[in-house]
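There are 2 protein chains.
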Amino acid sequence: MSATRRTDIVEAATERFGRDGYEETKWADIAADVGLGPTALYHYFESKQHCLYVILDQAIDDFRTRFATLTAQAPTALDGLLAVLHDCFELSEREVLRNRVLVAEQGLLSNRSTSPREEEARRAARDRTRDLEFAWASFLAKAMRESAVIETDPRLLARAVLGLYNSVWHWYRPNGLVGLDQVREFFIARALAMMGVSPDATARPRIAA
Amino acid sequence: MSATRRTDIVEAATERFGRDGYEETKWADIAADVGLGPTALYHYFESKQHCLYVILDQAIDDFRTRFATLTAQAPTALDGLLAVLHDCFELSEREVLRNRVLVAEQGLLSNRSTSPREEEARRAARDRTRDLEFAWASFLAKAMRESAVIETDPRLLARAVLGLYNSVWHWYRPNGLVGLDQVREFFIARALAMMGVSPDATARPRIAA
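Residue numbers (the working numbering), protein chains in the order written: chain A, 1 to 209; chain B, 210 to 418.
With the rest of the complex left out, here is chain A (with noise of 0.2 Å):
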């Protein structure tokens, strides 16, 4: 087994998924671009459904590991929420293609598989999906006690951020109408106001610590 060899088919299948659809995409076919026969490559993934829990593990393991560092270092919870809405969309095209593959696909994390390996990936990328929300959860609780976002449910309001993030993989499209600069820009005003967060509170001044 070598790390490089399951990162490469990690990587077509992140390309094929989220180009083509996870549906259409033939097992096969991803063993044809890593140049690898069906037995080699069970040796990294037992099924496409099994790498496709992987893709998503990552991709989630990704947005929390980003989240974690940048509210850490964050002087006050307004600039860790601002780092993080930026942070979202500062995305390699492949990373863009997996967040298509992550909202197209996330329905799959409930249906509980017969296979023991295909059952452990499900569980740890379904997990991590939780360990994200209840991260951002936590961090919106400290938020509402600084009093920088509205005094609200705290769970209820990292499931509509997270919701309202997801939601722009389903339409955007790179080289589409509209381009990834304006979904940013859109995106953070709006994911703000609905938080609560006054535009006169992201305009000022900021000194660093």
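Be careful, since some hints might not be right.
To be verified - No farther apart than 25 Å at their CA atoms in a straight line, the calculated lysine-lysine pairs in the BS3-like style are these:
#1 235(B) <-> 26(A)
#2 26(A) <-> 257(B)
#3 48(A) <-> 26(A)
#4 48(A) <-> 257(B)
#5 48(A) <-> 235(B)
#6 257(B) <-> 235(B)
Unchecked claim - Just so you have them, the derived chain A footprint on chain B, three or more residues with Cβ under 8 Å:
#7 354–367
#8 372–380
#9 394–403
Don't read these hints as lab results, they were simulated from the structure.
Positions of the beta carbon are idealized from the N, C-alpha and C atoms, including for glycine.
Using the hints, position chain B against chain A.
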């Protein structure tokens, strides 16, 4: 062919897809639910996929009809907006299940089908989704002219409202920890804030037209 029988199949399928998941459901289970053999079932729907497209189409058509009626009756855009936001939580248990199917499987609307009957149903549902988005965008453009909502790109704002609404059905479960009334109250308040509607504007007394 009987219209009642067709409705029975659609209802049985919505129940199964919403409760057990689309992938997990076997077409034969639905046949058994309504007491039809595969040949008789085929008169109504070519496949599970065909039936799914019809369910999605009907769900979006319902939203579209209710949206058109409520916004046409309202004296102002703000009244129309409030009426629509309240209405979209007036749901039977079956409509909640249908929303869940809609958001879990909407990605399948992008996959072209090789069967003419399936493809026709897929296009109908996809076109109706676009119609609904367009109706929302036109309505929000009018609301912007009336200064009822913030001045921004109406197509992006339409997608944001629909995206926020759709995100609810990914996690909402009947008999779960969070009741539908609580979800409705939270969603309406946050959606209005996102659209730049001040709480004062919605609280002012209204004179019947």
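Comparing the hints with the structure gives:
Taken as a hint, the residue 235(B) and residue 26(A) pair is honoured in the structure, with Cα atoms around 21 Å apart against an allowance of 25 Å. Proximity of residue 26(A) to residue 257(B) is assessed by CA-CA distance (about 20 Å); at most 25 Å being required, the pair is judged to hold. As the CA atoms of residue 48(A) and residue 26(A) are separated by approximately 8 Å, the hinted pair is consistent with the 25 Å bound. Among the hinted pairs, residue 48(A) with residue 257(B) is consistent with the structure: their alpha-carbon atoms are about 22 Å apart, no more than 25 Å.
Note on residue 48(A) and residue 235(B): the hinted pairing holds, with a Cα-Cα distance of about 20 Å set against a maximum of 25 Å. For the proposed pair residue 257(B) and residue 235(B), the alpha carbon gap of about 8 Å is at most 25 Å, so the pair holds. Closer than 8 Å: that is the beta-carbon criterion, and the stretch 354–367 of chain B has 5 residues meeting it against chain A, so the requirement of 3 holds. Only residues whose beta carbon comes within less than 8 Å of a beta carbon in chain A count, and the stretch 372–380 of chain B has 7; three or more means the coverage holds.
Counting residues of the stretch 394–403 of chain B whose beta-carbon sits less than 8 Å from any beta-carbon of chain A gives 7, enough to reach three: the coverage restraint holds.
The structure agrees with every numbered hint stated previously.
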